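K.L.:
If you want the building blocks of each chain, they are given just below.
Number of protein chains: 6
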Amino acid sequence: MPRVAVTRRITFNAAHRLHNPNKSDEWNRETFGKCNSPNWHGHNYQLFITLEGEPDPETGFVYDLAKLKQIVEDNVVSQVDHKNLNLDVPFLEGTLTSTENLAIGIWNQIKPHIQGADLVSVRIVETENNIVEYRG
Amino acid sequence: MPRVAVTRRITFNAAHRLHNPNKSDEWNRETFGKCNSPNWHGHNYQLFITLEGEPDPETGFVYDLAKLKQIVEDNVVSQVDHKNLNLDVPFLEGTLTSTENLAIGIWNQIKPHIQGADLVSVRIVETENNIVEYRG
Amino acid sequence: MPRVAVTRRITFNAAHRLHNPNKSDEWNRETFGKCNSPNWHGHNYQLFITLEGEPDPETGFVYDLAKLKQIVEDNVVSQVDHKNLNLDVPFLEGTLTSTENLAIGIWNQIKPHIQGADLVSVRIVETENNIVEYRG
Amino acid sequence: MPRVAVTRRITFNAAHRLHNPNKSDEWNRETFGKCNSPNWHGHNYQLFITLEGEPDPETGFVYDLAKLKQIVEDNVVSQVDHKNLNLDVPFLEGTLTSTENLAIGIWNQIKPHIQGADLVSVRIVETENNIVEYRG
Amino acid sequence: MPRVAVTRRITFNAAHRLHNPNKSDEWNRETFGKCNSPNWHGHNYQLFITLEGEPDPETGFVYDLAKLKQIVEDNVVSQVDHKNLNLDVPFLEGTLTSTENLAIGIWNQIKPHIQGADLVSVRIVETENNIVEYRG
Amino acid sequence: MPRVAVTRRITFNAAHRLHNPNKSDEWNRETFGKCNSPNWHGHNYQLFITLEGEPDPETGFVYDLAKLKQIVEDNVVSQVDHKNLNLDVPFLEGTLTSTENLAIGIWNQIKPHIQGADLVSVRIVETENNIVEYRG
Chain A
10 MPRVAVTRRI TFNAAHRLHN PNKSDEWNRE TFGKCNSPNW HGHNYQLFIT
60 LEGEPDPETG FVYDLAKLKQ IVEDNVVSQV DHKNLNLDVP FLEGTLTSTE
110 NLAIGIWNQI KPHIQGADLV SVRIVETENN IVEYRG
Chain B
10 MPRVAVTRRI TFNAAHRLHN PNKSDEWNRE TFGKCNSPNW HGHNYQLFIT
60 LEGEPDPETG FVYDLAKLKQ IVEDNVVSQV DHKNLNLDVP FLEGTLTSTE
110 NLAIGIWNQI KPHIQGADLV SVRIVETENN IVEYRG
Chain C
10 MPRVAVTRRI TFNAAHRLHN PNKSDEWNRE TFGKCNSPNW HGHNYQLFIT
60 LEGEPDPETG FVYDLAKLKQ IVEDNVVSQV DHKNLNLDVP FLEGTLTSTE
110 NLAIGIWNQI KPHIQGADLV SVRIVETENN IVEYRG
Chain D
10 MPRVAVTRRI TFNAAHRLHN PNKSDEWNRE TFGKCNSPNW HGHNYQLFIT
60 LEGEPDPETG FVYDLAKLKQ IVEDNVVSQV DHKNLNLDVP FLEGTLTSTE
110 NLAIGIWNQI KPHIQGADLV SVRIVETENN IVEYRG
Chain E
10 MPRVAVTRRI TFNAAHRLHN PNKSDEWNRE TFGKCNSPNW HGHNYQLFIT
60 LEGEPDPETG FVYDLAKLKQ IVEDNVVSQV DHKNLNLDVP FLEGTLTSTE
110 NLAIGIWNQI KPHIQGADLV SVRIVETENN IVEYRG
Chain F
10 MPRVAVTRRI TFNAAHRLHN PNKSDEWNRE TFGKCNSPNW HGHNYQLFIT
60 LEGEPDPETG FVYDLAKLKQ IVEDNVVSQV DHKNLNLDVP FLEGTLTSTE
110 NLAIGIWNQI KPHIQGADLV SVRIVETENN IVEYRG
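Residue numbers (this note's numbering), protein chains in the order written: chain A, 10 to 145; chain B, 10 to 145; chain C, 10 to 145; chain D, 10 to 145; chain E, 10 to 145; chain F, 10 to 145.
So here's chain A without its partners, still in its complex pose (with noise of 0.2 Å):
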């Protein structure tokens, strides 16, 4: 049976800043740059999640995307629309807001509610020059 992979694009607008806490303000500057910079700044992120699986005979869907779509709301746009990725959202606490790092969140946030497709990549355009995809 051919598998084929559907990909939902959802957008969300967030504030944060890369500082790693455990390291000194000038080691933060240098390794970070203004992406250091203390009053935060932000970005329109395009996330994209990829499912793979067998199109279903009776839709000729893979995974209804209007569920996935509600799935990555509730688990991830809920909580990082509007926010602050370092002070506003569990799935990321203690972590350094990287591009790398909130895809392997999200990945997790998603993971466990897909049933019946393969979860198999968040990417994630976080400016039209820099993009992140996590596969598992």
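It should be emphasised that the hints constitute simulated quantities derived from the structure, not laboratory data.
Each pair may be met inside one copy or between any two copies, as identical chains are not told apart.
Quick list of in silico lysine-lysine cross-link-like pairs, BS3-like style, CA-CA up to 27 Å:
| # | residue 1 | residue 2 |
| --- | --- | --- |
| 1 | K120 | K76 |
| 2 | K43 | K32 |
| 3 | K78 | K32 |
| 4 | K78 | K43 |
| 5 | K78 | K120 |
| 6 | K32 | K76 |
None of these values were measured; they are calculated from a predicted model.
Start from chain A and add chains B, C, D, E and F according to the hints.
P.N.:
Just chains B, C, D, E and F now, kept in the frame of chain A:
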């Protein structure tokens, strides 16, 4: 010898409707929501066809993309562009016109015509939020 | 006082067909080409609504874009999204569904609901190659 | 002599929050919704600066866009990029950080530095759905 | 009667170089920087042609965009696509190939062929950061 | 430990021409069509470099993208931006300047400079319709 992947984008506009004729109208409305709307809706489809192979030393090409474009025009675009995917397309007859099934159908239309390189991906961007990929 | 223009983008998907019922089939085929295809085709329409006015000192807003979005949802999107522009849309009844006429129709649907700022533009991106703008 | 408009795009990332300190918290929450979220959120801002004038016969340029870029870097980007629009930006002090006010502020920062051509537009794409333009 | 603006996008790829032959090499290098690089560079140009007029009651069209495309193909694209703007293009002979002058040249190529609607804008996106518009 | 892929986009503009000097002019015209045009043409190339590795616990980074950008600037962009790929680029000497060969050449320029993460993809978007990817 190095293997390289080359992708050609081709666009088409079509109408369709998600509807399983073996199910009740109520089941169809509940399952497909507004995509089941009786008088059709439509999309600007973006199709990305990817072939993989070794660049020919004489041309530097994995595959002549003008030739690939012609194959896709002759075997796909001529059947789907400005058409109704449910009513007008021989290679989708009897198929639910989900983007998943469309990708599989397009793969099957193109595959027999590609020699000297491997068809590795048919990707369809149905809307900016919904993307499907079939890798055979 | 400074005047500023604010624009909200809203997307919808619809089917349509260019066909003048007062003319022969041959005239329609010659005039509209593949856009006259009998079983409809469709597009991902992007709609850009622009209002102009002075920012309110208490909010910094020319107009509450969430309210504008609601007006457009109630008076336009609810009638056209996942619908057939020729068959399903009261405000286009008896109209050739060219993008020009669609823009004029949308303007007329929105105009009576905007107070406190001026509607100055309805712009529709029908495909990446075709754009229409109506400024009243 | 022909007049031509030239536009330079410049991007920056910033945090902000919509909040009127002269109003109650409840008023702010009701008026600004999630944009009032206390710990900030942020955007990838795209800024489009347009100048108009006659092309110089010796260069073919209305204005040297590298020089325009430098003016914008020195007077805008250096103050807003990877910064908090509410806390860090002298030219926005005491201003509600709506995109409307941001456009007016940027116009005022750039205007005095442009000679030999006319500043005619400051346009900001805050998100793919929200766009603001100030034409002075 | 309502007036509506319709825009057609057309793309082409070309090489060029900014160089004023009446000036010294040093002046050219200082004025144009890397755009003066002797062996040419190039761009994917996006051209947006806008016409304005009243929609024809029989077609709903301000202007047949297929006809507009043909006019642009015959009078512009055939001369510039996959060509060198400095060496190959009769309508740019003796002209500095700035995007400003390119827009004026394209306007003059198209203008005589448009009847029944008004040519109101030639806009060129040279790169994602540089845009030029000529309105006659 | 989780492995994550990080991608940096970098743009450059260049001229080139497809021409095999070991073949007749006629063969070149027939094989490469307008891409063989004698006085060059050009593109806005978008380059996407992807590295894969484990995020560093102290930074959250798979690789410092500012450092990656510098490596690409020093070893690729400095040689190709605003240059002629056929005439000016040491690492392409004696090579047909197809996008396939450009991707392989760029991989070889970058590869020796990447430590602590794996170079996994060099992807080039030559035009919106033509994309090439080399994965080593």
